[in-house]
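Model the full structure from these sequences, guided by the hints.
Protein chains: 2
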Amino acid sequence: MKSYQELSKEELENLHADLCRQFEEAKGKGLSLDMSRGKPSPAQLDPVMPLLDAITAETLMKASDGTDCRNYGVLDGIPEAKELMAQMVGTDAANMIVCGNASLPIMYDTVSRSMTHGVCGSTPWCKLEQVKFLCPAPGYDRHFKITEHFGIEMIVIPMKADGPDMDLVEQYVNNDPTVKGIWCVPKYSNPQGYTYSKETVERFAKLTPAAEDFRIYWDNAYCIHDLYEEKQDVLEDILGACAKAGHPDLVFEFCSTSKVSFPGAGVAAVATSENNRKWMKSSMMIQTIGYDKLNQLRHVAYYHDLNGFKAQMKKHADFLRPKFEAVEKVLETELAGLGIGCWTKPLGGYFISFEAMDGCAKAIVEKCAEAGVKLTGAGATYPYGKDPKDSNIRIAPSFPTPEELSAAADLFVLCVKLISVEKLLAA
Amino acid sequence: MKSYQELSKEELENLHADLCRQFEEAKGKGLSLDMSRGKPSPAQLDPVMPLLDAITAETLMKASDGTDCRNYGVLDGIPEAKELMAQMVGTDAANMIVCGNASLPIMYDTVSRSMTHGVCGSTPWCKLEQVKFLCPAPGYDRHFKITEHFGIEMIVIPMKADGPDMDLVEQYVNNDPTVKGIWCVPKYSNPQGYTYSKETVERFAKLTPAAEDFRIYWDNAYCIHDLYEEKQDVLEDILGACAKAGHPDLVFEFCSTSKVSFPGAGVAAVATSENNRKWMKSSMMIQTIGYDKLNQLRHVAYYHDLNGFKAQMKKHADFLRPKFEAVEKVLETELAGLGIGCWTKPLGGYFISFEAMDGCAKAIVEKCAEAGVKLTGAGATYPYGKDPKDSNIRIAPSFPTPEELSAAADLFVLCVKLISVEKLLAA
Numbered sequence: 080m081k082s083y084q085e086l087s088k089e090e091l092e093n094l095h096a097d098l099c100r101q102f103e104e105a106k107g108k109g110l111s112l113d114m115s116r117g118k119p120s121p122a123q124l125d126p127v128m129p130l131l132d133a134i135t136a137e138t139l140m141k142a143s144d145g146t147d148c149r150n151y152g153v154l155d156g157i158p159e160a161k162e163l164m165a166q167m168v169g170t171d172a173a174n175m176i177v178c179g180n181a182s183l184p185i186m187y188d189t190v191s192r193s194m195t196h197g198v199c200g201s202t203p204w205c206k207l208e209q210v211k212f213l214c215p216a217p218g219y220d221r222h223f224k225i226t227e228h229f230g231i232e233m234i235v236i237p238m239k240a241d242g243p244d245m246d247l248v249e250q251y252v253n254n255d256p257t258v259k260g261i262w263c264v265p266k267y268s269n270p271q272g273y274t275y276s277k278e279t280v281e282r283f284a285k286l287t288p289a290a291e292d293f294r295i296y297w298d299n300a301y302c303i304h305d306l307y308e309e310k311q312d313v314l315e316d317i318l319g320a321c322a323k324a325g326h327p328d329l330v331f332e333f334c335s336t337s338k339v340s341f342p343g344a345g346v347a348a349v350a351t352s353e354n355n356r357k358w359m360k361s362s363m364m365i366q367t368i369g370y371d372k373l374n375q376l377r378h379v380a381y382y383h384d385l386n387g388f389k390a391q392m393k394k395h396a397d398f399l400r401p402k403f404e405a406v407e408k409v410l411e412t413e414l415a416g417l418g419i420g421c422w423t424k425p426l427g428g429y430f431i432s433f434e435a436m437d438g439c440a441k442a443i444v445e446k447c448a449e450a451g452v453k454l455t456g457a458g459a460t461y462p463y464g465k466d467p468k469d470s471n472i473r474i475a476p477s478f479p480t481p482e483e484l485s486a487a488a489d490l491f492v493l494c495v496k497l498i499s500v501e502k503l504l505a506a
Numbered sequence: 080m081k082s083y084q085e086l087s088k089e090e091l092e093n094l095h096a097d098l099c100r101q102f103e104e105a106k107g108k109g110l111s112l113d114m115s116r117g118k119p120s121p122a123q124l125d126p127v128m129p130l131l132d133a134i135t136a137e138t139l140m141k142a143s144d145g146t147d148c149r150n151y152g153v154l155d156g157i158p159e160a161k162e163l164m165a166q167m168v169g170t171d172a173a174n175m176i177v178c179g180n181a182s183l184p185i186m187y188d189t190v191s192r193s194m195t196h197g198v199c200g201s202t203p204w205c206k207l208e209q210v211k212f213l214c215p216a217p218g219y220d221r222h223f224k225i226t227e228h229f230g231i232e233m234i235v236i237p238m239k240a241d242g243p244d245m246d247l248v249e250q251y252v253n254n255d256p257t258v259k260g261i262w263c264v265p266k267y268s269n270p271q272g273y274t275y276s277k278e279t280v281e282r283f284a285k286l287t288p289a290a291e292d293f294r295i296y297w298d299n300a301y302c303i304h305d306l307y308e309e310k311q312d313v314l315e316d317i318l319g320a321c322a323k324a325g326h327p328d329l330v331f332e333f334c335s336t337s338k339v340s341f342p343g344a345g346v347a348a349v350a351t352s353e354n355n356r357k358w359m360k361s362s363m364m365i366q367t368i369g370y371d372k373l374n375q376l377r378h379v380a381y382y383h384d385l386n387g388f389k390a391q392m393k394k395h396a397d398f399l400r401p402k403f404e405a406v407e408k409v410l411e412t413e414l415a416g417l418g419i420g421c422w423t424k425p426l427g428g429y430f431i432s433f434e435a436m437d438g439c440a441k442a443i444v445e446k447c448a449e450a451g452v453k454l455t456g457a458g459a460t461y462p463y464g465k466d467p468k469d470s471n472i473r474i475a476p477s478f479p480t481p482e483e484l485s486a487a488a489d490l491f492v493l494c495v496k497l498i499s500v501e502k503l504l505a506a
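These protein sequence lines map, in sequence, to chains A and B.
80 is the number of the first residue of the first sequence in the numbering used here; add one for each residue after it.
80 is the number of the first residue of the second sequence in the numbering used here; add one for each residue after it.
Please keep in mind that the hints were generated in silico from the structure rather than gathered at the bench.
Keep in mind that this is a model prediction, so the values were computed, not measured.
Keep in mind that a hint or two might mislead.
[Said to hold, decoys possible] Among the chain A residues that face chain B by a calculated CB cut under 10 Å, a handful are:
no.: 1; residue: Pro121
no.: 2; residue: Met128
no.: 3; residue: Gly345
no.: 4; residue: Thr367
no.: 5; residue: Lys468
Ideal placement from N, C-alpha and C gives every residue a C-beta, glycine not left out.
Given below as structure tokens:
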């Protein structure tokens, strides 16, 4: 099979005519499919429903320390919820602050608190001329939105299969005191599904920041979100690595049950050092009397421990795996060898990342939308929504059914071909 | 009966000796009672337990607009939760943003957002030389902690039985552009149990602030928290009054089910104008994907409407009324006519406010603690924890049993007498 680059102008023109015809035909089908957001399907959520019966009107609502979970009290989580969430990320319960329904507000509040109050006694960022964050990209759009919202300058760090470009990270962090943070999704990264290698984690732990208030924002959103039993990525414990390197205060690790129990009705937590917890709690205690302890208790009563989480994740994987495979199969069958795109084959998480030819991503996404298939907006995976090469497209296969996904993927590869041919003809 | 002021030195000295003996006797009982926080008793929470069965694993978790409440989506609350919370404060569902488990975080976040982003386009407060809030006092300590946390200068406004001193409020708000807000608990105020009169509400609505970013923080925490069926305070609708006065953007009204369902596991909301909602949502959408819609649905399924709330509040009142009456009876029997203190007799809310002789509050609270009765720290009801006259004591009768309350109140009046006599002897 020839790659598109090897085709003559005439061959490309014939191909283009053929693809245009196919596209018009596809458009006629009136598809309405959404591969834009990483949300579970309704069918995937059905097996989580018994969680809602884990506590009832008959339950004694006492935490292990005697706390009446129906009443005021306890800022940083009931003891058993700390233990449960600690097991999720593989750290000690003593490191945990268990919060509300999702981890995004914890991250937002952490940046917001740094703006108004500084970090562990440093100058509030709102008083500084310049504050910068490193943004491994492609990455999670909602991370970038937070730093953009606060006027923090974002610097793109290229992502590799073993994590961010650590040479560049070290260069920035260790030399530029205006660099105050870095956004990381270290396992099954959004959108590529990459997991940071042991070496990458250790290089993170050994950073010697020019800024005393520099912190790693380690969003371990997919820590137990494996698609396969027999092949799984392994992520080193960053808190342990930082402590070992003598930098216990370097990292905030975030986690939640958003894609374990119910998105928006889960339990979220942050794991970090004693100094950092003390700092966080100093404003948390002003912001809230306490988070929802009944929902914490509900999650503990239902999942018990890491094994309970894993049993649920296995059920989730049974829904997700065929969806990833459906998309991958179409990509492989239709695009392999054509030289117009490559894609990741993650072992977990919620996304497949597609790299189109430079300058094609936006046009492909638009073309898909024209025929009824919604993808994440091109550029969304980069700070300020600007993909410098206009090449990355995030595919989120979790919500549609496998059948819908095949149809959506068929249209997607058609649009990739069409836009790529147009690009080559225009060159 | 003679007031203490009418007693001779000798009479006071004899009285003092007698009170000291009584105090030592009371101390010997080894009491351990807490009248410090406005939290419901466990018995009061038992009748709320069926809420937990209002949604189960069998429930179809669809909101009225078709939203799957188990999944991501909906920033500002499901429609039926907006309707329910709107009925609580007597406004239109269109004015509501329904949030998470409590209203304190909404207030904190509103101040925090004003610090970093300004209000509806104004200069961020963190960029200003000076920002001031008016603090009707005695008031709610957690309000004052928020403004203190952000370095906002707090100005005490005396509270009267019909609300804050409005002459002073108007003078500050209409002339000083550094005054950006005022904390209000307009119904059954914390701690006095006062309700703002119709005239007070109308004067609030007619304010013409020197600062375009001035807002009234209207914490309607006790809007349906009546103790009696036959006599209840009535509060005018501030949103309606502001709209009528041509100042629709003047107010944020906060409410929650914290003391309706479960403290910390309730549903909270803010009611405000379209401009203000747009501004709030512009950062809420960065901070969160959405609040806990299952808990919103649970509350709707259980309470249905205002009548459901009122039925629950009637049960709460049956627990609370005897407690208020137990304390009031002791105060009346033991202190009436002595000239050493006066107290409020609220028709709702969670507190009784006691005014001791000037300079006595701290000593009374300490004396009570010495004999095992914990009261809210003296001064807590004033900004910076500083009661200028050292006279206000907040009594929270909701948590102990009526029997415990009688014992606690007996000790309290004993300490009031003792400290007052000492004060008079030292004069």
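Hint check:
Using the Cβ-Cβ criterion of 10 Å, the hint placing A:Pro121 at the interface with chain B is satisfied: the shortest such distance is roughly 6 Å. About 4 Å separates the beta-carbon of A:Met128 from the nearest beta-carbon of chain B, less than 10 Å, and the hint is met. Annotation: interface hint on A:Gly345 holds; nearest CB of chain B at approximately 9 Å, less than 10 Å. Residue-level restraint check for A:Thr367 holds (minimum Cβ-Cβ distance to chain B is 5 Å; threshold 10 Å).
The beta carbon of A:Lys468 is not positioned within 10 Å of any beta carbon in chain B (closest approach about 26 Å), and the interface hint is therefore violated.
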